[in-house]
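Trainee: Chain by chain, the residues:
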Amino acid sequence: MNFLLGAFKPACNISITFTDGKNRKQVPIKKDNGQILMNPLFQSQETIAGKIHIDSYQGKKVEHNGVKVELLGQIEMYFDRGNFYDFTSLVRELDVPGEIYERKTYPFEFSSVEMPYETYNGVNVRLRYVLKVTVTRGYAGSIVEYQDFVVRNYVPPPPINNSIKMEVGIEDCLHIEFEYNKSKYHLKDVILGKIYFLLVRIKIKNMDLEIRRRESTGAGANTHVETETLAKFELMDGAPVRGESIPVRVFLTPYDLTPTHTNINNKFSVKYYLNLVLVDEEDRRYFKQQEITLYRLKEETS
Amino acid sequence: MIAEDDEKWLAAANAAVKQNAFYMQRAIDSNNLKDALKFSAQMLSELRTSKLSPHKYYELYMRVFNELGTLEIFFKEETGRGCSIAELYELVQHAGNILPRLYLLCTIGSVYIKSKDVTTTDILKDLVEMCRAVQHPLRGLFLRSYLAQVTRDKLPSIGSELEGDGDAQMNALEFVLQNFTEMNKLWVRMQHQGSSREKEKREKERNELRDLVGKNLHVLSQLEGVDLGIYRDTVLPRILEQVVNCKDELAQCYLMDCIIQVFPDDFHLQTLDVLLGVCPQLQPSVDIKTVLSGLMERLSNYAASSVEALPNFLQVEAFSKFNYAIGKVVEAQVDLPAAGSVTLYLFLLKFTLHVYSDRLDYVDQVLGSCVTQLSATGKLCDDKAAKQIVAFLRAPLEKYNNVVTILKLTNYPRVMEYLDHETNKTMAIIIVQSVLKNNTHISTADEVDALFELAKGLIKDFDGTIDNEIDEEDFQEEQNFVARLVHNLYNDDPEEMSKIIFTVRKHILTGGPKRLPLTIPALVFSALKLIRRLRGGDENPFGDDASATPKRILQLLSETVEALSDVSAPDLALRLYLQCAQAANDCELETVTYEFFTKAYLLYEEEISDSKAQVTALRLIIGTLQRMRVLSVENRDILTHKATGYSARLLRKPDQCRAVYECAHLFWADECENLKDGERVVLCLIRAQRIADAVQNMTNASRGTSSTGSVALYVELLNKYLYFLEKGNTKVTGDTIKSLAELIRSETKKVESGAESFINSTLRYIEFQRQQDGGMSEKYEKIKMEWFE
Chain A
41 MNFLLGAFKP ACNISITFTD GKNRKQVPIK KDNGQILMNP LFQSQETIAG
91 KIHIDSYQGK KVEHNGVKVE LLGQIEMYFD RGNFYDFTSL VRELDVPGEI
141 YERKTYPFEF SSVEMPYETY NGVNVRLRYV LKVTVTRGYA GSIVEYQDFV
191 VRNYVPPPPI NNSIKMEVGI EDCLHIEFEY NKSKYHLKDV ILGKIYFLLV
241 RIKIKNMDLE IRRRESTGAG ANTHVETETL AKFELMDGAP VRGESIPVRV
291 FLTPYDLTPT HTNINNKFSV KYYLNLVLVD EEDRRYFKQQ EITLYRLKEE
341 TS
Chain B
150 MIAEDDEKWL AAANAAVKQN AFYMQRAIDS NNLKDALKFS AQMLSELRTS
200 KLSPHKYYEL YMRVFNELGT LEIFFKEETG RGCSIAELYE LVQHAGNILP
250 RLYLLCTIGS VYIKSKDVTT TDILKDLVEM CRAVQHPLRG LFLRSYLAQV
300 TRDKLPSIGS ELEGDGDAQM NALEFVLQNF TEMNKLWVRM QHQGSSREKE
350 KREKERNELR DLVGKNLHVL SQLEGVDLGI YRDTVLPRIL EQVVNCKDEL
400 AQCYLMDCII QVFPDDFHLQ TLDVLLGVCP QLQPSVDIKT VLSGLMERLS
450 NYAASSVEAL PNFLQVEAFS KFNYAIGKVV EAQVDLPAAG SVTLYLFLLK
500 FTLHVYSDRL DYVDQVLGSC VTQLSATGKL CDDKAAKQIV AFLRAPLEKY
550 NNVVTILKLT NYPRVMEYLD HETNKTMAII IVQSVLKNNT HISTADEVDA
600 LFELAKGLIK DFDGTIDNEI DEEDFQEEQN FVARLVHNLY NDDPEEMSKI
650 IFTVRKHILT GGPKRLPLTI PALVFSALKL IRRLRGGDEN PFGDDASATP
700 KRILQLLSET VEALSDVSAP DLALRLYLQC AQAANDCELE TVTYEFFTKA
750 YLLYEEEISD SKAQVTALRL IIGTLQRMRV LSVENRDILT HKATGYSARL
800 LRKPDQCRAV YECAHLFWAD ECENLKDGER VVLCLIRAQR IADAVQNMTN
850 ASRGTSSTGS VALYVELLNK YLYFLEKGNT KVTGDTIKSL AELIRSETKK
900 VESGAESFIN STLRYIEFQR QQDGGMSEKY EKIKMEWFE
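Here the protein sequences line up with chains A and B, keeping their order. Counting from 41, one number per residue, gives the positions in the first sequence under my numbering. Counting from 150, one number per residue, gives the positions in the second sequence under my numbering.
So here's chain A without its partners, still in its complex pose:
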């Protein structure tokens, strides 16, 4: 293998470092092959700057037609694999055509880059940001190196945040009223609420609250919808009687959630739902689903 690799290995080695790479927060990102890598975290309007080092192997001369670095925002649909849609593309030319004999360093800077969308890794879709360095060569094929980075955007708390309150039921069988304290939660929020049992004629075994993610991709006839249950949290054990009220308190921290994404570049949407499920002794399920909005709240510390 080694000699094979050696045989086909590129003529030079490109590495990318960020200016504040040592201090910048790193977040895990799951790669295609399941590997988890730590990538630096940015947000919109940040300046992305750093250095690019190019080393030729054993002092070999590398001829090139120019060196450039691109900042790309890409959406990748899995059913359309390999086809990226770039919604953002910025280029910096680093070098005019010439030769590289030894290690060469190019500083680069993309100042105040508009990155409206967050990095997202879904079931059918991926949104990613990447720095792409290309050493263009005419005959031997260009040498390309990628560096992923993560973008997260923080928003202030929404000014209007009503509670969710609803009465549902099956006639003469089950009537409940539930209440969640908000309709919009940030990712480290706590869902508080209450479930009132107004009428109980079925033998309930337990009650769960599920957090579900609905990811829809494509548009029109090609829309794909994928729903995942991210959390199943038991709220109640046993059968309540009329008049009982059961408290709800769900911490969102432990779950792998993202903000709600609506119609990202006309390609995809990610929505979240709270699904209240009652299970009776014959394992019949009674449920009611409510959409909630998730957002990423600016953290005090960062």
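Careful: at least some of the hints might be erroneous.
Stated by the list, open to error - Listed next, with one range per pair, are the computed distances between beta-carbon atoms:
| id | chain 1 | residue 1 | chain 2 | residue 2 | range |
| --- | --- | --- | --- | --- | --- |
| 1 | A | 73 | B | 245 | 39 to 47 Å |
| 2 | A | 322 | B | 245 | 21 to 29 Å |
| 3 | A | 322 | B | 225 | 40 to 48 Å |
What the hints assert, rightly or not - Under the rule of at most 20 Å between Cα atoms (straight-line distance), these lysine to aspartate or glutamate pairs were calculated in the EDC-like manner:
| id | chain 1 | residue 1 | chain 2 | residue 2 |
| --- | --- | --- | --- | --- |
| 4 | B | 187 | A | 296 |
| 5 | B | 200 | A | 296 |
| 6 | B | 200 | A | 284 |
| 7 | B | 396 | A | 284 |
To be verified - To give an idea of the chain A side of the interface with chain B (calculated C-beta under 8 Å), a few residues:
| id | residue |
| --- | --- |
| 8 | 208 |
| 9 | 280 |
| 10 | 284 |
| 11 | 287 |
| 12 | 291 |
| 13 | 294 |
Everything labelled a hint here was simulated from the structure, so no lab data went into it. Note that the coordinates shown come from a computational prediction; the quantities given were computed from them, not determined experimentally. Glycine residues also receive a C-beta, built at the ideal position from the N, C-alpha and C atoms.
Starting from the structure of chain A, add chain B where the hints point.
Mentor: Frame of chain A; chain B shown alone:
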């Protein structure tokens, strides 16, 4: 088979708990919080089972409980290592399953309270609120029980370091009350779980869990700062509200009992109307009697233990409240068995006696209420009720130890009317024994009347009962009680005393042939005592027509004793006649004396046929007659003559002989000069000697069979002679004595008489008298004789 499965499941669950506890311990040892939480949650997941019976579930719970102790310590240490407790508090709530989550929350909550980082109140409120999420009765009960357990030593109270202000206390109170309410709801709900076929079993299991609920009340009572005001305004109403609203027999019964046992006495006293007011609101099937009796017993003991408490009882009118409440209960529970209602009244009575010992009217009121109740049910027949009512009636007796007090209770006899015969008798015995034991003096005729009315179970037979089953010994014993009772009836005033005697007589005479022989003597002697007293006292102040003259009483006695002769107890009647005669003699009533003798003689002639009885009777007659002083000479002659005649007609010769020489005394009264007929004395003795000779001849005729009799007779005669010699009967001569002595000597030579010691004593006596100074030796000079050695 189900039990087997139960075992199997428990074993499996235990094994899982053990394993997870082990991993948890290991995680704790390596300070791995995440794993510790993970394994503790897994361990707690075993408690989610629905398969175990409450009993087995408890075992499992205890096992888990022990492990949670380690976890609590770990949490404490963890907070020491810089992990914020608030973070921990959140962290445990990430657990996906509700039951492990809440157990962990309670555990960390208790640490949280101790850390004083937050207000205790907030945590308590949060915990008790969150626990609502477990609605499964069994699991919920144990979870809340765990909550109560881990928080109980951390509840804020007066002077507590946590927060001493009143608000926190109220909140702690609120916490316990709420936990109690929820637990009770779950507990009550348990009965509806599962199929109706197993209802009985389920109720049994449910009963086993009751202490989990009751423990809350205990915690409440231990909560510092719960004073009377708070108890009255908050605690009790809240508890009672829950008790009433749960509408469950088992719970109501148990909780009422709990309330009564757990809270202090004076609280109960001050909230009596509230507590009692609840009783009619309970389910009809609730055994209110147990509840009320528990309460009354408790308060009785309280009253008994502290004197200072008594004014409080008066202040709150405890009695009328109880009386009213019991009335209500009895009214409400139509099918309450007699035993039940009697038990209720018994406890009310005991309570009254303890608390209002000086209020006889209250006691009587209780009795009255009981009568009203009994009148609805009629005579009591079942054993249990009888037992209860005996206890009921016995209570005032034991309290007052004085029958006279009891007699003042007008309703007491009315209650006794509802007893069956057996019970009535038992009760009568108890009453009489009380009199005897306490040596109660009953001093008025009315009281006596009432007493005998009460004790009539002993005094007479009931109509229509056949007493063939009665044990003779027991019967005698019982009647002895009556006899002894008669002696306790006493009044210094003769007039009243005679009334008493009249009353007693009236009752005793109803006793029937079996009782009379045992009871009449007591009456007679009691009367005789009175007569003696009358005689000893001054002139009768009431004049002749007063009832308390000896004559009248004797008249009465005569009639009374006559009743005895009707019931074939002639021996006894005869003795009593003689006693009466004696008394009459002492009172110097000649005709009456004569009358009594006549009766005695008639009895002797007509009724006494047994020869041994005759001997005894005759001796008594002679003895009594000898002492009669009031009789005129003719009357005395007649009686003496008769007696002598009887003597001579006895069947056995030795008896004849003895009777005859006894008769000699009839002619000789020491202190009375005109009653010293020496000649007739000697005549009697000679006659007796003749009979003795006849005996001697008979013995000789059938020698070998009996030989001692006659010699003894001779010696006895010799002694008689000596007696009269000493008394100065001049007709007794030395010759007579000497010849008798000679006779004795010759007889003893002939045969082993068996009377040697008697002879020797007699001789020693003679010798002794001879050596005395004064008149005696002179008299004895006359009978100087050479006795062989």
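Trainee: Each hint should be assessed against the structure and marked as holding or not.
Mentor: Evaluation of the provided hints:
With their beta carbons about 29 Å apart, residue 73(A) and residue 245(B) fall outside the hinted range of 39 to 47 Å. The hinted window of 21 to 29 Å between residue 322(A) and residue 245(B) holds, with their beta carbons roughly 23 Å apart. Remark: the range hint 40 to 48 Å for residue 322(A) to residue 225(B) is upheld by a beta-carbon distance near 44 Å. Between residue 187(B) and residue 296(A), the direct Cα distance comes to roughly 19 Å. Compliance with the 20 Å bound is thereby established for this hinted pair.
The suggested pairing of residue 200(B) with residue 296(A) is violated, with an alpha-carbon distance near 35 Å, which exceeds 20 Å. With a C-alpha separation of about 25 Å, the suggested pair residue 200(B) and residue 284(A) falls outside the 20 Å cut-off, and the hint is violated. For the suggested pair residue 396(B) and residue 284(A), the alpha carbons sit about 18 Å apart, so the restraint of at most 20 Å is met. For the restraint placing residue 208(A) at the interface with chain B, the shortest Cβ-Cβ distance is roughly 19 Å, beyond the 8 Å limit, so the hint is violated.
Evaluation of the residue 280(A) hint against chain B yields a held restraint, the C-beta minimum of about 4 Å falling below 8 Å. Interface hint at residue 284(A): satisfied, since its Cβ lies 6 Å from the closest Cβ of chain B, which is below the 8 Å cut-off. Interface hint status for residue 287(A): upheld, as the beta-carbon distance to the closest one in chain B is roughly 6 Å, under 8 Å. Hint on residue 291(A) holds. Least Cβ distance to chain B is approximately 6 Å, under the 8 Å limit.
Annotation: residue 294(A) was flagged as interfacial toward chain B, and the flag holds, the nearest CB pair being 5 Å apart, inside 8 Å.
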